[in-house]
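Protein chains in written order, with the working numbering: chain A, 1 to 503; chain B, 1 to 503; chain C, 1 to 503; chain D, 1 to 503.
Heads up, some of the hints might be wrong.
Which residues of chain C face chain B? A few of them, derived with a C-beta cut under 7 Å, are [unchecked claim]: (1) Q51; (2) S256; (3) S362.
BS3-like mimics (lysine-lysine), calculated; alpha carbons at most 25 Å apart, straight line [to be verified]: (4) C:K166 - D:K137; (5) C:K371 - C:K439; (6) C:K388 - B:K231; (7) C:K166 - C:K89; (8) C:K89 - C:K37; (9) D:K371 - A:K231; (10) C:K137 - D:K166; (11) D:K231 - C:K145; (12) A:K166 - B:K166; (13) D:K231 - A:K388; (14) A:K166 - B:K145; (15) C:K145 - D:K137; (16) C:K231 - B:K371; (17) B:K425 - B:K439; (18) C:K166 - D:K145.
Beyond 10 Å from chain A on every Cβ pair, some chain B residues (computed) [unchecked claim]: (19) F116; (20) E118; (21) T251; (22) K258.
Hints listed in this document are in silico derivations from the structure and should not be mistaken for laboratory results. For every residue, glycine included, the Cβ atom is placed at its ideal position computed from N, Cα and C.
4 protein chains.
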Amino acid sequence: MAHSSHPAGNASENDVFDLEGDTLQEECGVFGILQHKDAAALTALGLHALQHRGQEAAGIVTYDGQRFHSERRMGLVGDHYTDPQMLEKLPGDVAVGHNRYSTTGEVALRNVQPLFAELSVGGIAVAHNGNFTNALKLRREIIAKGAICQSTSDSEVVLHLIAQSKQQGSAARFVEAISHMEGGYALIAMTRTKLMGARDPFGIRPLVLGDLDGAPILASETCALDIIGAKFVRDIENGEVIVCEKQEDGTVKITSSKPFAPKPERVCLFEYVYFARPDSIVAGRSVYNVRKAMGRNLAREAQVEGDLVVPVPDGGTPAAIGYAQESGIPFELGIIRNHYVGRTFIEPSQQIRAFGVKLKHSANRGQLDGKRVILVDDSVVRGTTSTKIVQLVRDAGAREVHLVVASPKITHSDYYGIDTPDPEKLLANQYTDHDEMCKFIGCDSLQFLSVDGLYDAVGGAPRDPKNPQFTDHYFTGEYPTRLVDLEAENGPLKQQSLLREAG
Amino acid sequence: MAHSSHPAGNASENDVFDLEGDTLQEECGVFGILQHKDAAALTALGLHALQHRGQEAAGIVTYDGQRFHSERRMGLVGDHYTDPQMLEKLPGDVAVGHNRYSTTGEVALRNVQPLFAELSVGGIAVAHNGNFTNALKLRREIIAKGAICQSTSDSEVVLHLIAQSKQQGSAARFVEAISHMEGGYALIAMTRTKLMGARDPFGIRPLVLGDLDGAPILASETCALDIIGAKFVRDIENGEVIVCEKQEDGTVKITSSKPFAPKPERVCLFEYVYFARPDSIVAGRSVYNVRKAMGRNLAREAQVEGDLVVPVPDGGTPAAIGYAQESGIPFELGIIRNHYVGRTFIEPSQQIRAFGVKLKHSANRGQLDGKRVILVDDSVVRGTTSTKIVQLVRDAGAREVHLVVASPKITHSDYYGIDTPDPEKLLANQYTDHDEMCKFIGCDSLQFLSVDGLYDAVGGAPRDPKNPQFTDHYFTGEYPTRLVDLEAENGPLKQQSLLREAG
Amino acid sequence: MAHSSHPAGNASENDVFDLEGDTLQEECGVFGILQHKDAAALTALGLHALQHRGQEAAGIVTYDGQRFHSERRMGLVGDHYTDPQMLEKLPGDVAVGHNRYSTTGEVALRNVQPLFAELSVGGIAVAHNGNFTNALKLRREIIAKGAICQSTSDSEVVLHLIAQSKQQGSAARFVEAISHMEGGYALIAMTRTKLMGARDPFGIRPLVLGDLDGAPILASETCALDIIGAKFVRDIENGEVIVCEKQEDGTVKITSSKPFAPKPERVCLFEYVYFARPDSIVAGRSVYNVRKAMGRNLAREAQVEGDLVVPVPDGGTPAAIGYAQESGIPFELGIIRNHYVGRTFIEPSQQIRAFGVKLKHSANRGQLDGKRVILVDDSVVRGTTSTKIVQLVRDAGAREVHLVVASPKITHSDYYGIDTPDPEKLLANQYTDHDEMCKFIGCDSLQFLSVDGLYDAVGGAPRDPKNPQFTDHYFTGEYPTRLVDLEAENGPLKQQSLLREAG
Amino acid sequence: MAHSSHPAGNASENDVFDLEGDTLQEECGVFGILQHKDAAALTALGLHALQHRGQEAAGIVTYDGQRFHSERRMGLVGDHYTDPQMLEKLPGDVAVGHNRYSTTGEVALRNVQPLFAELSVGGIAVAHNGNFTNALKLRREIIAKGAICQSTSDSEVVLHLIAQSKQQGSAARFVEAISHMEGGYALIAMTRTKLMGARDPFGIRPLVLGDLDGAPILASETCALDIIGAKFVRDIENGEVIVCEKQEDGTVKITSSKPFAPKPERVCLFEYVYFARPDSIVAGRSVYNVRKAMGRNLAREAQVEGDLVVPVPDGGTPAAIGYAQESGIPFELGIIRNHYVGRTFIEPSQQIRAFGVKLKHSANRGQLDGKRVILVDDSVVRGTTSTKIVQLVRDAGAREVHLVVASPKITHSDYYGIDTPDPEKLLANQYTDHDEMCKFIGCDSLQFLSVDGLYDAVGGAPRDPKNPQFTDHYFTGEYPTRLVDLEAENGPLKQQSLLREAG
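Okay, chain A solo, but in the shape it has when bound (with noise of 0.2 Å):
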């Protein structure tokens, strides 16, 4: 499984070419920052930088002192935000932004984050990277109330309980409207003087504060900091609620508040998986370290033997390069990527599709011909990329080809903003022998990452059964969390509303 160009989540397997779609999706990227003049161009080059945890959708809103401004777009953000036009239509110095892994049409559009909306106390707009699993129980409770929600998402739920709080001013609402919210996410909101940011009781998804020349900055990952060459000043809590507030002097007032009883802080594991950019420090730990650590445990624990390394770009090349180094098995570019299956190829002549994998990755077969390959990959889903892989490197002559994936099989949906396939799709589920799981793929054995050693890589210690440290219900079914909504309906919550999603 690789970091993808374009998303394909709406794809199903059978029905439409996809180059990417047998990999896990996240939901989102969100980034603010409260008093500088250029917020839209800085918000901009932070979702840029964000725009692996969504590429479908993009949206910014600003306060300029008078009136938001809201600008929301089908696309990357390179693909709007960077132009003058649009950021003149962006003024202020007050923005929040958000990247979206999303459908398409008009319904999407309505989706597009952040969501605005008028209170009594004045505009707010909101961004969330995450899913809230009461979201539909609070969604009725709205609505029988006499509320009306006009889009399908989540949300939307948030904006209507600042809206109902009794509580006195913008903060002290937000603050309550959070404590309603079970799940895993993290949550920024902007109102014409504030930067607020709320990140779950585990901590599932991550957000961190940031700072340029006395701005303070909320993003979900520290690349967005890095890119607008802004300090990194810290992890927001799991359970924090931070309320950044313009003072009539020019500073700005920073306050914390944990609305919920405390728990164990508990990140996804994913996050350092698949989804984080290998330059980002996820709650204290650089990503590609923790990689390479993934693939240096690996090493230990497959004890393959083999003539090269060879990663599946890109997502495998750090582990696999911890993979080399623990090994001594030499690190060499076995599979070269073709950089120009961009936004294209959407839906190809069937004499086209059956190249399939051939128009992302080639095989270099002065590499590869007549050697017994170490093949790296993050993690495996469904199987199907893998498959076509592993057929590959084999067509380019490689004598003996070994699967070894740097993530423990994946078993369990997740509810926490991470678009699963159905459980009966993944590999790990269809397959519970591992002979056949191996015949499936192809490959002449196959290795995934114990759990311990997942741990061990990110954290420094085996798991603790009693007290997990991570979240990781993906691979061992435990989940953080109860699951209210879905209990309530017993199946999966894809829809939650009347009007269907386009597409």
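Fit chains B, C and D to the known structure of chain A by using the hints.
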């Protein structure tokens, strides 16, 4: 002033090249149908026939028995809604649609109708033409109660009132919501089983009931019935709320109520003068025949001597025909309209801009040279286009140019859905001296139809000053209703939200 | 048959939805100007005025004293050439431009004119309207000598003939090249210092000379002079080659020659019947007046009883005015044209296609109901549109529908630049029995203007069978010239290359 | 210098924001196939694999037994040619295709290859990679003989020479035409029954022969064979002309000739340094292995002390792997490439431009902080990007930054198809003093691979000064051929026509 193929309402005369700007613009056309298997396609056709009421955006919502579907797009109906793939996205046997005259950008799309909301009683979609004169007041009351407003559209207020109603069932709630609304409007709504419509207490904006093989239709004008071969049933009465509901036996039950204190009907005269399509029947009168009568009455009043009657195409053509028949002076096409001025020429070079009106109209020199020309237009707003047209005719060799206008002088702003320039920009307010006005226009003589002449053309009788038979404040300053928001604000009410309209 | 805002020449009746297909299509409009600093902008305006002669592509070539600049685009003139950035790409004081009715895709763009070539005597650009009847023969001779043909345009043949001429100087070479060309054409060319024009021996296609402040202009019609305020100087004569050349003292020298054996002028009657804009003066005659005269003569010939004279808009309008004036029967707009049928509706769903002509025209029921309608159209080609229009009028309640056509029956193909359907598809060839034709159209009576009636309207005299005053083979089968290529091929000559036209 | 997903050859450093400009650009990739039913689809795939050789335009010509079909488009192969509707426009079992690095606008599209012409022997399409050094001289001779040139492409000259040849048959004519051409080129052509190829006398540009189930293929690189699963047969030899011709029995006959005086092969070294894809085999050598050997030789020559070997992605990666393996210093991804910098950011606002290289690359601070970094790039042209990359690494906390370049200093322009900056803009010509160059770049030390080190990496032996084994004038100033046009003009030859290139 001529009907336009390109709206330019957001264009000011000074900073944007504007082939169409010197016109009034109405804001909407609406169409709805219940219990017909081709609901979306028929709605697309109806909206196409109503395209003259709004060209910048269109939307359709349908319900297919399980889900609501919504598609809204900037651009003409024919740009999007006739595509088979689009119609596949809009399944169902109930649909409402809306054409909008609007601005560009993302905020605009957020405001494109129909608006949809999920209520405790189920989903509802609302589309309206016109303007509520107390929307801002109601909006503030709603927000103070803890609701959130996500658009700047006054239609959203209706949704909130329906949501907050304590009545049982969506029909009763719709009636109650309407009972709070003041202004001039035609409004349609749909739920899973109902198509509902309402017309303001004075019937300022038009709304008709049609029937296609038992399927009830609501539409702004009869031309939307004609295009699909539907039968005209009757006008919705002023102050009437109509509810069409599917019955279990497959029939449709239609009920009517009048939640307002009874008022006399006072249709907007501008529907006859300019807005409605000539082949529509508005309040029982053929618009084409009314316009011809306007031309005939003008001929009686004006008594100008001339060799030719020449319409300013296409708006002035029916009145010119009437004028020619009454006066016996030949009707000739002295001005040719260029049909290739579509949505192009948006920002031409200065070299091109200098040619202004010639891009759209050309003089038929062979007819005009040496002649005394009686030029007939439907109305004059700021007079800037008239000035250029008169010059065009004069440059083609006309010996005399007499401008006769088939409506009275416009002196007051509208607050019922017509986008009027600031009153001080209206020609009639800039020049109180008739000779100076004539000099500004550059014509040898200038005549406006009298108010009584217009009343006679439309209704067959002079104006009753105590109980005017029509809405005519733009000519007379006598508004049919209170202007609640205007009085409260003591100023124009273009902006109802803190969130600025884009563009 | 009505002038159209959307060409559909590549549309066959059977496989493509076709609002405009039942018309003849001419292929080009040309414009050139020498020694004016705004050469490109004026050419853009001229081409805009000539847009009715070709809507699918346009091109402009200029020379700025050092280099030639060429920009050619699919689409309307106003889509591209009024943009300041485009005009900056076209500097210089000499320009030629061309509108083309054409097909889609890459081959089409390759064929968009003006064509440019570098010759030993310097660069030359050529644009033409019409068709060479011996182009294929000449092309084969040229290729046999070792030249290469890169387009399917017959204009390329002219370039080769100029290149291969042994004459000194581009003007002499142009004259020699023209002397080889047979057919019907108006052709303009430019070099670094010259603007040249030529009209075929019979003057089948029109070409006029204008003047703007000393800058000579060549254009297909006078309406292109009117838009820029240029003076009409004279028609280029049949068989004339004109050369305008910059002199060192800043003046322009104009010379004329006649390389062909003298022939009588025989202008194409279809310029009067349909192609030329009503405000143009073609060969000294106002097109609008000619069309009115056609209507008057038709009224004299037809002697139909009726209540209303209704034009099929917009092509039939001038004839209908003439008909009404002659007959005394009132002229009324019984059919309303929808102005929003632009370049949309390209491939509508089957549901929408079924509404066909109603998307473009609507019946004005208030006028038609119960009436005996005399419907006036300019011409009938295949009759498919007439059938639908008659049905539209009948559906609106007309008691009788009499179709009167302001031109004779079309029976023969054109080979001089008009795109005619295969002869067997022409209505007049499908039905030799008048009653059957009438039945097919669905009208109560059907009348065509006689050939003599048309001759009288245009020239004031009946047709001289020995020396017909006009080109009229589509009505009479008498072609004014040999058809060299046709005779050689014994078949239609649509394709002149092995390289197929795209689309 | 890194392989780019967006060419910016028409961008100057001063006036256009330019993420990719500091690179050399080659102009083309070519592909042809004979006698395969999926000729166009396979050509599209081959061109996709060759996309790195030209990203701005692509074209395909096919022949279906009756007609030639041509489609040429600006943009990537995947933007157009994988669409089923496009492939339907390109039927036939013989095809040639071309990728081009080019400029924008209409002139550009006119020059997009393959060029097609109709000759007396039938249609022919030609595509080429490289440059003819005597094209201008030949062009002038051709035009003097009465031919016309319609493009500024030097390929058109080949078409004329074929057309003017007195030889019988297209193959003999092709051979004769090639015999006049000087320079560096790989050229393919197709007729109704033949696929032909030619490589210049020194074999400067690459061309290979492949086979897919009996269908012969010609392509610029072997990666174009790999994507479709075709077999590599052999390189076309330097100075060889190959003709593949369909036989009546369904087989293909392949013949070869050598029209030039024999010369030693001298492949362009830049194919190994930068242009060719790492998985291609050029002249028998794996490009990836050559690049690793360049890195190994560089490690031996440079002897820099450091903690990490960091590639400038992606161009420097193979050399960095070789460097790390030779030096024993760990290879780490110290710079992360942002994959979402596609064809966007074209003209960003000044605020965004200031962030320059950070939009495309980010430093992996966790790796770089406090470290001595050995930064490996493939080549340095102007040095502007190197300066920014070094700063990026330094800003991330690197203690020392040592830039090692896996090729020699570039000092001379190319005239064989590589788009080189003016010589005075090359870094090596701006700074002859090594310390100043180092200071300009901002690195602690700077090393280039020696010419002998490069020769050794490619060919296993040092340069033979009397008979250099490769084309290396950009490093040495020794051009393999005469430069006929350059000597005649005494200046650069970018413009070959009076018709200016747009843009």
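Going through the hints against the structure:
1. Q51: Holds: closest Cβ of chain B sits about 4 Å from C:Q51, inside 7 Å.
2. S256: C:S256 check fails; min Cβ-Cβ to chain B is 26 Å, beyond 7 Å.
3. S362: For C:S362, the interface hint holds, since the closest Cβ of chain B sits about 5 Å away, which is under 7 Å.
4. C:K166 - D:K137: Between C:K166 and D:K137 the Cα gap is close to 22 Å, so the pair holds against 25 Å.
5. C:K371 - C:K439: Roughly 20 Å separates the two Cα atoms, so the pair holds.
6. C:K388 - B:K231: Cα-Cα ~20 Å, so holds.
7. C:K166 - C:K89: violated, 34 Å
8. C:K89 - C:K37: holds, 14 Å
9. D:K371 - A:K231: holds, 20 Å
10. C:K137 - D:K166: holds, 22 Å
11. D:K231 - C:K145: Answer violated: D:K231 to C:K145 is near 42 Å, above 25 Å.
12. A:K166 - B:K166: The hint holds at about 22 Å.
13. D:K231 - A:K388: Holds. D:K231 to A:K388 sits at ~20 Å (cutoff 25 Å).
14. A:K166 - B:K145: holds, 10 Å
15. C:K145 - D:K137: holds, 21 Å
16. C:K231 - B:K371: Cα-Cα ~20 Å, so holds.
17. B:K425 - B:K439: Answer holds: B:K425 to B:K439 is near 17 Å, not above 25 Å.
18. C:K166 - D:K145: Given that 25 Å is the threshold and the Cα spacing comes to 10 Å, the pair holds.
19. F116: violated, 6 Å
20. E118: violated, 5 Å
21. T251: Nearest chain A Cβ is 25 Å from B:T251, so the label holds.
22. K258: holds, 25 Å
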